[in-house]
Amino acid sequence: MTTIAIVDDDPIVCQSLQTILTATGTAEVLWTANDGDAALAGYFKAPSSRPDVLLIDIQMPVTDGITAARRILARDPAARILFLTTFADRDYIAQAMGLGAKGYLIKQDVSAVKPAIEAVMAGQVVMGSDVLGKLTGGVHAPYAADSPSGDEGALDDALNERERDIAALVAKGLDNRDIAATLYLSEGTVRNRISAILDKLGLTNRTQLAIRWINEHR
Numbered sequence: 001m002t003t004i005a006i007v008d009d010d011p012i013v014c015q016s017l018q019t020i021l022t023a024t025g026t027a028e029v030l031w032t033a034n035d036g037d038a039a040l041a042g043y044f045k046a047p048s049s050r051p052d053v054l055l056i057d058i059q060m061p062v063t064d065g066i067t068a069a070r071r072i073l074a075r076d077p078a079a080r081i082l083f084l085t086t087f088a089d090r091d092y093i094a095q096a097m098g099l100g101a102k103g104y105l106i107k108q109d110v111s112a113v114k115p116a117i118e119a120v121m122a123g124q125v126v127m128g129s130d131v132l133g134k135l136t137g138g139v140h141a142p143y144a145a146d147s148p149s150g151d152e153g154a155l156d157d158a159l160n161e162r163e164r165d166i167a168a169l170v171a172k173g174l175d176n177r178d179i180a181a182t183l184y185l186s187e188g189t190v191r192n193r194i195s196a197i198l199d200k201l202g203l204t205n206r207t208q209l210a211i212r213w214i215n216e217h218r
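Residue numbers (the working numbering): 1 to 218.
Incorrect hints may appear among the rest.
[As the list claims (entries may be wrong)] Label-pair distances were calculated between CB atoms; the ranges are:
#1 A181 <-> T19: 38 to 46 Å
#2 M121 <-> G202: 24 to 32 Å
#3 L183 <-> K45: 45 to 53 Å
#4 Q15 <-> R164: 34 to 42 Å
#5 L73 <-> E161: 17 to 25 Å
The hints are simulated quantities; they were obtained by calculation from the structure and are not laboratory data.
Note that the Cβ used here is the ideal one computed from N, Cα and C, for glycine as well.
Generate the whole structure from the sequences, applying the supplied hints.
Now the structure itself:
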């Protein structure tokens, strides 16, 4: 069974999520914490305490979620971190995804957590349309500083026409199947093209690609 840890400054939120995820058979909760420092201590306490997925909030006392995630990823680049927060601020979203997080969810519908965890375990990056929509008006400076995206405005020069077509559709939130249908390609070809685009741009996931495309074409 998938193992998770939950970090939220509200103990009731931690308990509620633990109850729901355990009752639905979604995951085994290894531990919970209420601030970033406690999250770091819990994560690195022992190899067995490292969860498959770490659910973490943004604003917390002592050490915030962004800082805690950055420190965890610095020591364990393979960590799967999924932000779950009430804050839909563009800067927070951009910073979180720029770190290499596996997703960003807004605390509106708890039922979305289960499929999000499953998607992350399947190797996907989760960012709902409501979150992506927050970026369509432009990404603030913190993302540009944290992103490995290179010089602003260089995206079109770096990609060929077909790669630009694919990047634009990724930015619209289409999955590989829909992109393949739109461009009359196979899903395998789309998957390979996206991997090549990420390698070319020095990005780690398709969400960073979407954010950069939006940033340069707003």
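Here is what the structure says about each hint:
no. : hint                      : result
1   : A181 <-> T19: 38 to 46 Å  : holds, 40 Å
2   : M121 <-> G202: 24 to 32 Å : holds, 25 Å
3   : L183 <-> K45: 45 to 53 Å  : holds, 47 Å
4   : Q15 <-> R164: 34 to 42 Å  : violated, 47 Å
5   : L73 <-> E161: 17 to 25 Å  : violated, 34 Å
Hints 4 and 5, counting from the list given before, are not met by this structure.
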